[in-house]
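Protein chains in written order, with our numbering: chain A, 1 to 152; chain B, 1 to 152; chain C, 1 to 152; chain D, 1 to 152.
Calculated from the structure, these hints are not laboratory results. On a predicted model such as this, the values are computed, not experimentally measured, just so you know. It is possible that part of the hints are untrue.
You can't tell identical chains apart in this list, so a pair holds if it fits in one copy or across any two.
[What the hints assert, rightly or not] Cross-link-like lysine to any residue pairs, in silico, SDA-like; alpha carbons within 20 Å at most:
| # | residue 1 | residue 2 |
| --- | --- | --- |
| 1 | 126 | 103 |
| 2 | 126 | 110 |
| 3 | 126 | 9 |
| 4 | 126 | 37 |
4 protein chains.
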Amino acid sequence: MASFTPANPEFEARVRDSFARQRAMATIGARLASVRAGEVEIELAYREELTQQHRFIHGGIVGMLADNARGYAAFTLMPADASVVSVEYKVNFLAPAEGERLVARARVLRPGRTLIVAEAEVVAIKDGRETQVAACLATVMTLHGRDDGPRG
Amino acid sequence: MASFTPANPEFEARVRDSFARQRAMATIGARLASVRAGEVEIELAYREELTQQHRFIHGGIVGMLADNARGYAAFTLMPADASVVSVEYKVNFLAPAEGERLVARARVLRPGRTLIVAEAEVVAIKDGRETQVAACLATVMTLHGRDDGPRG
Amino acid sequence: MASFTPANPEFEARVRDSFARQRAMATIGARLASVRAGEVEIELAYREELTQQHRFIHGGIVGMLADNARGYAAFTLMPADASVVSVEYKVNFLAPAEGERLVARARVLRPGRTLIVAEAEVVAIKDGRETQVAACLATVMTLHGRDDGPRG
Amino acid sequence: MASFTPANPEFEARVRDSFARQRAMATIGARLASVRAGEVEIELAYREELTQQHRFIHGGIVGMLADNARGYAAFTLMPADASVVSVEYKVNFLAPAEGERLVARARVLRPGRTLIVAEAEVVAIKDGRETQVAACLATVMTLHGRDDGPRG
């Protein structure tokens with residue numbers, strides 16, 4: 001597994017600050033669990049408001065957690081004057097998202113100057129036992145010289 | 001463009017009923033705009049609670065709308081005793097999701113007995129002008145002999 | 001459907017020259033059938049040397065045609081001093097690649113300065129009848145200031 | 001990492017026999033390097049006939065190796081009366097495919113009865129040093145009761 005040297009030593013504070021400004025994460029109740037260079041974990045406790053018709057967490061929520069964890073895993077390696085944008089992502093669902101909570105774990109596979117390839121897995125934890133519910137592969141882009149604050 | 005003969009003439013009622021049981025759609029404020037054989041549209045009005053750090057609708061929400069529209073586009077063609085599950089999806093982001101509302105439009109590309117391939121686009125509407133914000137390609141599975149109600 | 005203004009009026013000659021230098025295309029017997037701004041078609045006649053174990057054209061060959069058509073569809077819109085690189089692609093197989101020939105048709109969905117999103121379909125033609133065998137969605141990158149010739 | 005119990009103890013012979021009938025693999029010069037339950041490696045020595053315009057191995061060939069390795073990794077877990085079909089795959093390119101040879105390594109992530117999710121990496125080996133050139137995520141389908149021989 002690769003180890004990374006972040007361009008910005010303040011990367012954790014920067015990721016936490018950006019995450020805190022994502023209203024969508026507060027709305028679904030997601031929490032930034034850990035931030036390391038090239039690796040981010042996001043957790044979500046089960047909530048009935050996030051379910052699909054079979055009472056499992058909606059697959060779109062699973063994809064959203066994975067997308068966000070990957071974006072921030074990439075962001076940890078970006079310079080202080082850059083912002084992050086999702087180019088594309090792909091999710092395979094392996095099992096229903098059933099359990100007390102979900103954890104999305106993302107890590108950077110290859111940090112290019114402009115494009116960063118990252119992967120993520122999402123696991124569901126039920127009675128202390130983990131089941132992988134999704135596997136994801138994605139491309140994230142560094143926008144150099146663009147602040148991470150609100151646009152426009 | 002293909003035209004489809006649905007196996008279940010009551011497909012629209014069935015899709016609307018299933019959508020209504022998806023708590024996650026109510027939570028984000030999404031609305032089933034249209035249901036035709038092999039085609040579904042879901043709309044979402046802009047809400048600050050769904051934004052990312054630049055105040056655009058979160059990409060994960062965009063992916064979620066597309067995923068759901070595709071799942072239900074596939075569901076329109078399934079027999080009355082089947083339920084639907086997302087196998088995988090892929091989203092490319094084309095532009096920030098900026099505007100008064102988003103529309104996810106999905107259509108079935110190929111309806112197999114077990115697997116259905118579907119595509120979706122998500123557009124943002126701002127001052128009456130549409131911009132495509134995402135393109136999606138996905139696989140949906142028919143679970144024959146499985147009710148669409150809550151599991152377990 | 002979008003219409004594009006290519007940055008380089010000589011785009012067709014440039015695509016044809018680059019394609020001619022792809023030894024892999026000659027090896028599999030593929031032919032550049034048409035080149036328009038933002039759109040490229042590649043054809044391949046059925047050859048037993050390209051089959052998988054069921055005597056259909058190998059899925060990897062189908063993916064390769066689609067990947068290449070998309071790359072060149074994007075290349076038609078690039079300036080004269082840029083070269084093209086595939087970032088990622090996704091293929092869904094809709095039917096076995098059975099017939100006298102395959103045609104991969106690609107078109108640009110969104111031409112960004114750095115990243116270009118393109119889609120492709122691959123059809124098999126059998127007894128004059130077309131069947132779509134694959135749907136593809138991909139990201140292509142423009143390398144500004146990089147010649148299209150051999151590296152190193 | 002998961003360990004798998006194959007349904008057919010003769011899985012290696014079956015995979016080798018099927019691979020040997022893939023004319024496309026002989027055409028590109030690929031070799032089945034290893035076959036274990038849920039894991040397959042395919043190797044390819046560099047050949048100028050497989051290059052793109054920059055003299056690297058064509059990205060479509062890289063995708064083809066990964067697709068095939070994944071298909072056979074899944075096939076190792078299938079019962080003796082089943083055949084294998086690629087549903088979809090996604091490839092991210094991490095670096096140019098430059099070196100003396102490529103190795104595609106695939107492993108099953110989740111073996112379902114009908115659908116098998118598998119991942120693959122492709123590495124290029126140059127002067128004894130490995131560089132990952134592609135990451136892949138795919139869905140493979142088991143066709144129960146379908147022989148692996150040529151289709152009629």
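Status of each hint after checking the structure:
1. 126 <-> 103: within (11 Å within a copy, 35 Å between copies)
2. 126 <-> 110: Only across copies: residue 126 and residue 110 sit 18 Å apart there, 32 Å inside one copy, limit 20 Å.
3. 126 <-> 9: neither (36 Å within a copy, 33 Å between copies)
4. 126 <-> 37: The answer is neither: 28 Å in one copy and 28 Å across copies each exceed 20 Å.
Checked against the numbered hints above, the structure violates hints 3, 4; every other hint is satisfied.
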